[in-house]
Amino acid sequence: MEDINRVHIIFMTFLAAAAWQDLRNKSVSVWLYLGYGAVACAIRLTGGEPVLQALSGGLVGVVLLAAGRLTAGAIGIGDGLFFVVSGLYLSFYDNVRLLLYGILWGGIFCLFLFFYGKKHGINIHRMTVPFLPFLIPGWIWMVIS
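For what it's worth, this note's numbering labels the leading residue of the sequence shown as 9, then goes sequentially.
No lab work stands behind these hints: they were computed from the structure.
Even for Gly, the Cβ is constructed at its ideal location relative to N, Cα and C.
It is possible that part of the hints are untrue.
[Claimed, not checked] Pairwise CB distance ranges (calculated):
(1) A80 x V151: 33 to 43 Å
(2) S64 x K127: 27 to 37 Å
(3) N131 x L67: 12 to 22 Å
(4) V71 x I116: 16 to 26 Å
(5) E57 x C118: 30 to 40 Å
With the sequences and hints as input, model every part of the structure.
Here it is, written out as structure tokens:
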């Protein structure tokens, strides 16, 4: 249980830092991914978990990177890289759950944004919304449920 809490705390700092950078700059530093990825690799290697099992969580990010490439950047590279690194901290199942919860919270926000724009005559069709901040309520939901 102690290791799980330590890993959760490290992952939360990664999520918070990445979400903050995405919100402020609409991009996340490669150094953040490399640093937290290296920490996750060290944790996994010292934990004695089979390598394929440890890497399986990152498949979500690989799929997002491929989808971003196929859609000419509709899904950002940073989002895919986030899920590659988060897959080193989380299981495949938990990484998929985090993605789906983030989509849910982002969708709810965009629905409210749409209605706000309609009410106030604001054209929001070309507006971009950073995705990583919506993972925070998704992560909280995962932790408390």
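Of the numbered hints stated earlier in the document, which are not met by this structure? Hint check: 2 and 3 fail, others pass.
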